[in-house]
Amino acid sequence: MKYMLIMRSTAEAIEASKTTDFEEIINAMGAYNESMIKAGVLIGGDGLTDAAEGFVVDFSSETPVITDGPYGEVHELFNGFWIVDVSSREEAAQWASRAPLGPGSKLEVRRITDESDFADFADNEYIQKEKEWRGEGALG
Amino acid sequence: MARRGRAGLSAMNADAATPGVDGAGIRRTVDAVWRIESARIVATLAKVTGDFAWAEDLAQEAVVDALAQWPSTGVPQNPGAWLTAVAKRKAIDGWRRRERLDDRYRALAHGLDEHGGAADSGEAIDDDVLRLVFTACHPVLGREAQVALTLRVVGGLSTEEIARLFLVPVATVQQRIVRAKKTLAAAKTPFETPGPSEWSARLGSVLGVVYLIFTEGYSATSGDRWMRAELALEALRLGRVVAGLVPREAEAHALVALMEFQASRFGARTRSDGSPVLLADQDRSRWDRAQIGRGVAALARADELGRGRGPYALQAAIAECHAVAPSVDETDWERIVLLYEALGRLAPNPVVDLNRAVAVSMAVGPASGLRIVDEIAASGALRGSHLLPSVRGELLARLGRLAEARSELTTAAGLAANARERQVLRDKAAALG
Numbered sequence: 001m002k003y004m005l006i007m008r009s010t011a012e013a014i015e016a017s018k019t020t021d022f023e024e025i026i027n028a029m030g031a032y033n034e035s036m037i038k039a040g041v042l043i044g045g046d047g048l049t050d051a052a053e054g055f056v057v058d059f060s061s062e063t064p065v066i067t068d069g070p071y072g073e074v075h076e077l078f079n080g081f082w083i084v085d086v087s088s089r090e091e092a093a094q095w096a097s098r099a100p101l102g103p104g105s106k107l108e109v110r111r112i113t114d115e116s117d118f119a120d121f122a123d124n125e126y127i128q129k130e131k132e133w134r135g136e137g138a139l140g
Numbered sequence: 001m002a003r004r005g006r007a008g009l010s011a012m013n014a015d016a017a018t019p020g021v022d023g024a025g026i027r028r029t030v031d032a033v034w035r036i037e038s039a040r041i042v043a044t045l046a047k048v049t050g051d052f053a054w055a056e057d058l059a060q061e062a063v064v065d066a067l068a069q070w071p072s073t074g075v076p077q078n079p080g081a082w083l084t085a086v087a088k089r090k091a092i093d094g095w096r097r098r099e100r101l102d103d104r105y106r107a108l109a110h111g112l113d114e115h116g117g118a119a120d121s122g123e124a125i126d127d128d129v130l131r132l133v134f135t136a137c138h139p140v141l142g143r144e145a146q147v148a149l150t151l152r153v154v155g156g157l158s159t160e161e162i163a164r165l166f167l168v169p170v171a172t173v174q175q176r177i178v179r180a181k182k183t184l185a186a187a188k189t190p191f192e193t194p195g196p197s198e199w200s201a202r203l204g205s206v207l208g209v210v211y212l213i214f215t216e217g218y219s220a221t222s223g224d225r226w227m228r229a230e231l232a233l234e235a236l237r238l239g240r241v242v243a244g245l246v247p248r249e250a251e252a253h254a255l256v257a258l259m260e261f262q263a264s265r266f267g268a269r270t271r272s273d274g275s276p277v278l279l280a281d282q283d284r285s286r287w288d289r290a291q292i293g294r295g296v297a298a299l300a301r302a303d304e305l306g307r308g309r310g311p312y313a314l315q316a317a318i319a320e321c322h323a324v325a326p327s328v329d330e331t332d333w334e335r336i337v338l339l340y341e342a343l344g345r346l347a348p349n350p351v352v353d354l355n356r357a358v359a360v361s362m363a364v365g366p367a368s369g370l371r372i373v374d375e376i377a378a379s380g381a382l383r384g385s386h387l388l389p390s391v392r393g394e395l396l397a398r399l400g401r402l403a404e405a406r407s408e409l410t411t412a413a414g415l416a417a418n419a420r421e422r423q424v425l426r427d428k429a430a431a432l433g
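Residue numbers (our numbering), protein chains in the order written: chain A, 1 to 140; chain B, 1 to 433.
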């Protein structure tokens with residue numbers, strides 16, 4: 001089963017990390033990634049650029065409102081993710097707890113849906129289409 | 001120290017809404033740790049004790065301790081190091097009991113003092129894990145023993161999980177593992193990687209074990225579909241581990257590629273009632289594209305090593321031709337014919353020839369394919385197998401020789417061991433009128 005490990009950090013933690021030697025961070029993350037590759041569980045992942053470059057589309061009002069990053073009242077910023085293919089929820093938790101992250105950071109661990117999650121809607125037109133999209137590689 | 005560990009534990013317990021399942025929660029956590037750490041723990045212990053079988057026992061005893069202690073102490077921050085340290089202490093106790101206060105004991109005791117017991121982080125290096133892989137797949141062991149031992153110590157599966165995946169009683173798996181350890185001890189197999197003269201044969205044995213586990217899951221003739229897919233995915237994971245340990249070995253990457261391509265078709269290989277869907281009839285939109293992408297990357301890594309293609313690489317390249325083709329008609333059959341020819345030269349095998357015949361029939365026409373099939377038949381190879389008459393029947397049908405085709409397919413149905421396969425062949429024969 002596949003899980004997404006979603007890295008979320010407070011703006012303060014991200015600021016604080018800027019004073020840490022960047023090479024140290026690269027090395028720690030590299031070693032972590034390598035350990036998951038060597039265990040045969042890491043199948044995807046990426047980091048995100050500074051939240052200041054991003055923007056938010058807010059659906060609170062009738063017309064969606066676009067706001068520049070870093071997102072006003074949001075306390076934790078999503079700044080990267082890993083996808084692991086593991087044998088159990090507990091194994092996902094074990095890998096997550098090994099991430100080289102410090103205070104102010106959290107990993108949200110979420111199981112990625114598969115076809116079985118939509119079994120009751122297998123005949124739905126868009127569920128069918130999604131299979132085709134995946135087949136054509138449109139969804140990566 | 002256990003800050004993160006305790007947080008993890010309470011998160012697991014939070015799941016356990018009903019009282020009395022804390023034990024099960026810890027069991028699952030310990031299983032998960034064992035999954036991740038088993039190879040390194042056993043490799044470390046085998047290195048310090050020089051005794052693989054004992055190392056495995058010590059590690060299992062440490063797991064029992066964890067099950068007893070972690071519910072009250074919380075999961076240690078570095079659970080692998082905890083297990084390793086506990087197992088090492090058990091080794092020292094064992095030596096004391098045996099009054100074998102020899103150099104090995106002194107070295108180990110010294111190491112533990114120096115690193116301060118539980119803080120000792122274990123540290124089997126990749127070479128030790130590789131020694132472990134070679135030991136588990138040692139040629140003195142039978143295939144079943146190699147498979148059970150590899151899944152348990154390298155893959156970190158519990159005996160119960162292995163039994164469930166192979167549809168055999170737990171006692172059977174236990175017995176296989178106990179016997180395997182006895183065999184290794186009796187043969188006095190050193191905990192070493194093989195030397196240059198043996199290397200390639202021994203690596204072949206390791207890759208063979210991994211692929212056997214995969215095919216057991218992939219082409220299972222019995223059992224729950226989902227569990228069998230799970231077994232194949234375990235093999236894929238093992239394959240990635242092995243490729244990571246021997247990154248310069250093209251065939252290790254090629255085996256990963258082959259398994260990725262084949263596993264990408266899992267979703268499309270069976271109907272909801274469990275009956276098989278032939279490659280030509282599969283809904284290709286259900287092939288897992290991300291997995292195919294990983295297969296392409298793994299095969300490229302194998303090719304980049306520049307040693308030419310071995311049997312796994314050639315099979316992976318054939319699987320890649322299918323995986324990237326939009327349909328049967330748009331498949332590069334000429335290329336597949338060439339790849340089968342190369343495979344046949346490298347490892348002559350009548351099944352490969354038969355596959356080549358099918359590819360030739362697609363690339364050139366059924367008459368050319370039939371000529372190859374008839375050559376195989378004349379050689380006497382594959383006598384008694386349903387494969388030969390079933391392919392021959394298909395080709396005859398395409399040539400319009402329906403009566404002969406029907407007769408061949410009926411013969412094939414009579415020879416097929418698998419009930420579902422038998423039905424498919426009967427249906428085909430009946431469809432010819």
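Hints were generated in silico from the structure; no laboratory data involved. Values in this document were obtained by computation on a predicted structure and should not be read as measured data. Mixed in with the good hints, there may be bad ones.
[To be verified] Derived EDC-like pairs: lysine to aspartate or glutamate, alpha-carbon spacing no greater than 16 Å straight-line: (1) A:Lys129 - B:Asp283; (2) A:Lys38 - B:Glu230; (3) B:Lys47 - B:Asp281; (4) A:Lys2 - A:Glu115; (5) A:Lys38 - B:Asp126; (6) B:Lys47 - B:Glu144; (7) A:Lys2 - B:Asp126.
[Unchecked claim] From the structure, some residues in chain B lie toward chain A, with a derived Cβ separation under 7 Å: (8) Arg28; (9) Gly244; (10) Val246.
Each residue gets a CB set at the ideal place from its N, CA and C atoms; glycine is no exception.
Find the hints from earlier in the document that the structure breaks and name them by number, from lowest to highest.
Violated: hints 2, 3, 6, 7, 10.
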